[in-house]
Each structure stands twice: as structure tokens, then as C-alpha cells.
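Okay, here's what each chain looks like letter by letter:
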Amino acid sequence: MLPLELRDVCYAANGKVILDRLTVRIDAGPRTMILGPNGAGKSVLMRVCHGLLRPTSGALRWCSSSGARRQAMVFQRPVMLRRTAIANVIYGLELSGFSRRESALRAHDVLEAVGLETAAHQPARKLSGGEQQRLALARAWALGPEVLFLDEPTANLDPRSTRDVESIITAIHATGTKIVMTTHNLGQARRLGDEILFMSEGRLVERASVDVFFREPASAEAKAFIKSELPWQ
Amino acid sequence: MNDVGRAFAEAFGMIGRLDAQLVDIVALSVQVSLTAVVVAALIGLPLGAALAVERFPGRQPLIVFLNALMGLPPVVVGLLVYLLLSRAGPLGDLGILFTPAAMIVAQAVLVTPIIAALSRQTLEDTWTEYEEQLRSLGASRASAALTLLWDSRFSLVTIVLAGFGRAAAEVGAVMIVGGNIEGVTRVMTTAIALETSKGDLPLALGLGLILIALVIALNAVASVIKELAVKRYG
Ligand SMILES: Nc1ncnc2c1ncn2[C@@H]1O[C@H](COP(=O)(O)OP(=O)(O)OP(=O)(O)O)[C@@H](O)[C@H]1O
Ligand SMILES: [Mg+2]
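Protein chains in written order, with the numbering used here: chain G, 5 to 237; chain A, 803 to 1036.
None of these hints come from the bench; they were simulated from the model.
Watch out, some of these pointers could steer you wrong.
Now the stretches of chain G that chain A is said to cover, found in silico as 3 or more residues with beta-carbon under 8 Å [said to hold, decoys possible]:
hint, stretch
1, 102 to 114
2, 174 to 180
Each pair of labels, with its calculated beta carbon distance range [what the hints assert, rightly or not]:
hint, chain 1, residue 1, chain 2, residue 2, range
3, A, Ala1019, G, Ser61, 57 to 65 Å
4, A, Ser942, G, Ser61, 21 to 29 Å
5, G, Glu116, A, Gln923, 36 to 44 Å
6, G, Ala63, A, Leu874, 49 to 57 Å
7, A, Leu836, G, Gly62, 21 to 29 Å
8, A, Leu948, G, Glu116, 26 to 34 Å
9, A, Val866, G, Leu64, 52 to 60 Å
10, A, Phe814, G, His125, 32 to 40 Å
11, G, Leu109, A, Ser942, 52 to 60 Å
12, A, Gly891, G, His125, 24 to 32 Å
13, G, Gly180, A, Ala1019, 28 to 36 Å
Calculated pairs, DMTMM-like style, for lysine to aspartate or glutamate (alpha carbon to alpha carbon, straight line, at most 20 Å) [to be verified]:
hint, chain 1, residue 1, chain 2, residue 2
14, G, Lys130, A, Glu1029
15, G, Lys227, G, Glu205
16, G, Lys130, A, Glu931
17, A, Lys1000, A, Asp805
18, A, Lys1033, G, Glu135
19, G, Lys227, G, Glu199
20, G, Lys130, A, Asp953
21, G, Lys227, G, Asp198
22, G, Lys231, G, Glu199
23, G, Lys231, G, Glu205
24, A, Lys1028, A, Glu933
25, A, Lys1033, A, Asp953
No experiment lies behind these values; they were computed from the predicted model shown.
C-beta atoms are modelled at their ideal positions from N, C-alpha and C, and glycine is treated no differently.
Whenever a hint applies, use it, and build me the whole structure from the sequences.
Okay, structure coming up:
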């Protein structure tokens, strides 16, 4: 279904322009990190790409619109259904058409892959923040998406949980899933990213490989952003 | 003072020896209100779920209207159902006026808006939290509604129990459409009203005590369920 092409995409709400004529092509393969200051429109952009918000104007086109939505998203704050951990994973699988038996098998495997097999039958909402985030990743991964959108997947996690989540993301990428994510952790963007999309005030300001972006950012905005995030450099 | 004391003693006596008349009245009451609340839940819960997830023009006025219906005076419901079911009314051919069936209809009409309005509120709160996630997973509106009903089932049980309490404690509607016929349509509330006016305090008091016990028990069950649910599922 990739590449995904956005042409002159705008999104406005309550008379405020949130995405301003965004034109970008998201290709299969490289892990894309969307960076930018608070309120730049990163989350809105991901929601538009994922189909949760409809652009006010402009066009969004997937290469092949073949039936099933082979994409998934993990939100900044994981939303867990009031069920057990494994039931949360099974729920997503059954919605996308897997049989009951197959769902149970896949759910079991994916929980093992994120290290939650012992928590499988605990109520999802009683898990710790880090465990819930891993469960959210498992629920998305189980669907075998071609593209996975991740909105600040390690935002309120401690270093240990952050490491766990990062290695899960690496594993998901290794199974052939395209990763598109936002983060405010520049170290993480370097570790996990291949290319950077830098946004500011609803516009796409710069696109570069990770190396180039951090070594010699082209735009004044990106320079200022990196400097403010990493003042010691 | 002495009279009241004696009436209480006799009332407890009737409850203690399971007085036949008392038991019949309680049994009919429970049967009527339970059936009414099942009917009301079958209509009110899907309605509440649909209103929680669907967005359509006129939705807000509809919700306001539904909320207003919660406060319907039972006598007015009784009157409307009476007009509907009376010989000359549109449903007169059913011939169910002054039968338990008519009382079930009246109580169901009374309780359906309560269940629909309260469940809409609860389900919409859950929907606010779940919406993006469920849409992201590809849930249709219908399956999202089912998910909400299932995930909120413990709160919904509480709402349905409240509806049952309201039905069982209501007097005006069943009085009008049931007619308070001894052995046929006499329920706890109408019996209390009648026996009190006749001066038969022990029976009235006995029924009153049972009614209070029932209401307290319902509330206790509701709060236990809620507590267990929060403890289990968060
Ligand atoms: N559904 C919405 N309706 C109206 N305005 C919104 C909506 N979602 C976001 N906004 C506004 O759009 C702007 C961009 O928000 P967005 O969440 O995309 O920023 P962000 O880049 O993700 O920021 P952060 O780094 O803080 O997460 C903000 O000013 C926000 O208030
Ligand atoms: Mg954001």
C-alpha cells in the first residue's frame, strides 16, 4: 500500500490552521521520525495519515487501496479495554477478520514477543504504564500491519521501559513493518530513525537523513530546535 | 402510639409467617416490575448505545428530550397508557387494560427513558475514551456500540437495577392501568395506598417494610457490583 502521498494537505479546526499545505511522500522501508516543537502538528499529521482525521483540503493517496487497512497506530496514552491483556489483543485481531482460534494463537505469540506472557490474563488497565505501552504495541503488531504509526511511544516511561519499547519497535521494523513515529527524545530519534521529517507550525520544514539532519540541519528552525533540545552541543 | 406499635408487631408477624395475601402481592409486584425492566432494558440499552456513538442532526434535542422523559410523572404515564389501551384507544383490541400486562406496559414506558438516558451518559463517557482506538482498529459503529455495552456492563447493571427500583416503587401508573383489583392487579404500592386508606395498617406496613428492604437490597447489590468491577477491571 506504500508509498503514501500527501499533496497540499491542509487541516484546520475552529478557524485555526493546524496543517499548512503539506506535501510529502512516505516510502516503504526507512524508519521515519517526525520531529518538531510542541503544537507543530505532528500528532494531527499522523491522525490524518492513519485516516482518523479527514484533511480539510488537499489529497492523500495510498499506492494501493486494496481492501483491508493494513495499518495500525499506537497512541501517546494507550487506551486499554476493560478486559484482560490477551483479550485486548484478540479484540483487534477479531475485528480485522481473524478467526477465534487463530486470534488466540497470534495473541499468545505476540504477548510472548513483547515479554508480557505472564501478564496475559491480568486486567489490562491494572498493568503499569510501561506494560500498557508494550501491550498497545503488541495489539498493533499482532495485526501484521504494513505501516505502524507511533505517537511518542515512550513519553511517560522510565529509562528501562523506554529501552524495552525501543527494542520492540526495532523488532517490529525487522519483520518488515514501516515505522512512522514522533518523539521528543532526540537520542531516540537517532537510535531508531533513518530519516527525519521536521515540522514547525503546521508546515514541513525539512526532510533529511538522520545523519545529515543532526550534523548540518538546513533550516534555521531546525537549528534552533536542536540547539534548544540539546543545549550542551 | 399503642396502635402503631401493635400494627408494627402484626406486620412483622405477617412477614414472619409468610402470610399468603402478602406473599401474593409481593410476588405479583416483582413479576410485573421485573418483566417491565427487562423490556425497558432491551429497548433502552441499544438506544443509549446508538445515541452514544452516532452523530446526526437533531441528536442533541433528542438527548434533552430523553432526559426530560426521565422525570415523567407516573400518573401521566398511566393516563397515556390508559388512553392507548382503553376500549376506544388505538390498542384497545388487545384487551389488556386492567391486567398485569397493562401494568408491565406502563412501567416499561416509565423506565425505558431512564435506562436509555443514563446508559447514554455512561456509554458516551467510555466512547470519548475509546473512540480513536476503536476506529483505528477498524470497528464499525455497530461493533463499537457492542464493545461499549460489554465494557460498561457493570455500570449498566447498576442502571438497570435503579430502573427496577423505580418501577417497583411507582404507584400512579399501575393504579390507573391496573385498577388495583384484588388478587389480579394489586401490587405492593397500590395495596399500601388502599390498605392505609381503609385503616388496615398491618398489611400496609408489612408491604412497606418489604418495599424498603427491596430498595436497600438493590442499592447494596448495585454498589457491590460496581466496587468489584472497579477492583477487577479498573
Ligand atoms: N482535534 C483537534 N481539534 C482542534 N485542534 C486540535 C486538534 N488536535 C490538535 N489540535 C491543535 O493543533 C495543534 C497541533 O497539535 P498536535 O497535537 O498535532 O501537536 P504536536 O506536534 O503533536 O505537539 P506535541 O509535541 O505537544 O504532541 C495544537 O495547537 C492543538 O491545540
Ligand atoms: Mg503530539
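Against the structure, the hints come out as follows:
Using a Cβ-Cβ cut-off of 8 Å, 0 residues of the stretch 102 to 114 of chain G lie near chain A, which falls short of the minimum of three, so the contact claim is violated. Only when three residues or more bring their CB closer than 8 Å to a CB of chain A does the claim for the stretch 174 to 180 of chain G stand; here the count is 0, and the claim is violated. For A:Ala1019 and G:Ser61, the Cβ-Cβ distance of about 60 Å falls inside the hinted range of 57 to 65 Å, so the restraint holds. Evaluation of the 21 to 29 Å hint for A:Ser942 and G:Ser61 yields a pass: the beta carbon distance comes to about 27 Å.
Distance hint check: the CB atoms of G:Glu116 and A:Gln923 are about 40 Å apart, consistent with the given range 36 to 44 Å. Evaluation of the 49 to 57 Å hint for G:Ala63 and A:Leu874 yields a pass: the beta carbon distance comes to about 52 Å. Between A:Leu836 and G:Gly62 the CB atoms are about 57 Å apart, so this pair departs from the stated range of 21 to 29 Å. Range check, A:Leu948 to G:Glu116: about 29 Å between beta-carbon atoms, so the 26 to 34 Å window is met.
The hinted window of 52 to 60 Å between A:Val866 and G:Leu64 is violated, with their beta carbons roughly 37 Å apart. Hint check: A:Phe814 to G:His125, Cβ distance near 49 Å, so the stated range 32 to 40 Å is violated. A hinted range of 52 to 60 Å for the beta carbons of G:Leu109 and A:Ser942 is inconsistent with their spacing of about 25 Å. In this structure, A:Gly891 and G:His125 break the distance hint of 24 to 32 Å, their C-beta atoms being roughly 56 Å apart.
Hint check: G:Gly180 to A:Ala1019, Cβ distance near 58 Å, so the stated range 28 to 36 Å is violated. A C-alpha spacing of about 15 Å is found between G:Lys130 and A:Glu1029, which places the hinted pair at or below 20 Å, so the restraint holds. Using a Cα cut-off of 20 Å, the hinted pair G:Lys227 and G:Glu205 holds, with the two alpha carbons roughly 15 Å apart. Under the criterion of a C-alpha separation no larger than 20 Å, the hint pairing G:Lys130 with A:Glu931 is consistent with the structure, at around 16 Å.
Our distance criterion of 20 Å between C-alpha atoms is met by A:Lys1000 and A:Asp805, whose separation comes to about 15 Å. Pair hint A:Lys1033 plus G:Glu135 holds up; C-alpha atoms about 19 Å apart against a cutoff of 20 Å. Of the supplied pair hints, the one linking G:Lys227 and G:Glu199 holds, its CA atoms being roughly 16 Å apart against a limit of 20 Å. For the hint linking G:Lys130 to A:Asp953, the alpha-carbon distance of about 15 Å falls within 20 Å, and the restraint holds.
Under the criterion of a C-alpha separation no larger than 20 Å, the hint pairing G:Lys227 with G:Asp198 is consistent with the structure, at around 19 Å. Straight-line distance between C-alpha atoms of G:Lys231 and G:Glu199 comes to about 19 Å, which keeps the hinted pair within the 20 Å bound. For the suggested pair G:Lys231 and G:Glu205, the alpha carbons sit about 18 Å apart, so the restraint of at most 20 Å is met. For the hint linking A:Lys1028 to A:Glu933, the alpha-carbon distance of about 23 Å lies beyond 20 Å, and the restraint is violated.
Using a Cα cut-off of 20 Å, the hinted pair A:Lys1033 and A:Asp953 holds, with the two alpha carbons roughly 14 Å apart.
The earlier numbered hints that this structure contradicts are 1, 2, 7, 9, 10, 11, 12, 13 and 24.
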